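Novice: Residues in the sequence shown are numbered consecutively from 497, following my numbering.
Misleading hints may appear alongside valid ones.
Straight-line C-alpha distance at most 20 angstroms; calculated PhoX-like pairs for lysine-lysine [claimed, not checked]:
#1 Lys602 to Lys627
#2 Lys561 to Lys626
#3 Lys602 to Lys537
Read the hints as simulated data drawn from the structure, not as lab findings. Owing to the predicted nature of the structure, the values given are computational and were not obtained by experimental measurement.
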Amino acid sequence: MAATAKPAGREPGRPPERDPLESFLGAVENYVGQIVAEAAKAAPDGLQRVMIGSTGESLTAQTGKLTAFIRQTAERLSNAQRLELNRFLQVQDGEAQVERVVTVAKQFLALGFNGSTFLHWLSKHLEEIKKIIRAILDLLAELLHFHIPSWIEKLLLILDELFNLLMSLLGEVYGLDFQTVARELSEQEVSFLRELAALESLQAARAGRRNANQEES
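Construct all of the structure, not just a fragment, from the sequences and the given hints.
Specialist: Have a look at this one:
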């Protein structure tokens, strides 16, 4: 009797391949969770810890809504579309960047920091993470032919506000002026949004030129 052929699969002893999207989203969730935990640990017992804990819980919950939407949307991709998304994610440094930020943040908070540079550094890295998230959303919208819901844009703004509030409260723990830190982070966020709007305008202009060239050819 001929031997029954075994289905092709992973070689014995070889670890399963990591899904790039799940790895990145998991890293983002870990980033928020770790920053919130370290901020709460740095705060003294009392009102400051309560406010940081409450803000952190809201930030964690809202982040979960965003990552859940991305996961659920990605489930609608075909194999070919998922491959395209994976290729995009594989050329990003998102997961490794998040892990580096968490490591450095723990070191800073364990030693105590002086000045607002660290808070701006954390916020700047969050901006880079948000760029990748927005790029993922744009790619999903392009592949599945849908418009990103307005509530997602509002959710991203809420996340910004909660993160800035958390950083302002953390700065206050280390003797920085709450209002000053909040204003500086707000100005940094406005600059980021302007940069994002300029990038979107450039992409739209390039897409328009490509469409015009295709019509002429």
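Novice: Confirm or reject each hint.
Specialist: Now the hints, each set against the structure:
no. : hint             : result
1   : Lys602 to Lys627 : violated (23 angstroms)
2   : Lys561 to Lys626 : holds (15 angstroms)
3   : Lys602 to Lys537 : holds (10 angstroms)
The earlier numbered hint that this structure contradicts is number 1, and it is the only one.
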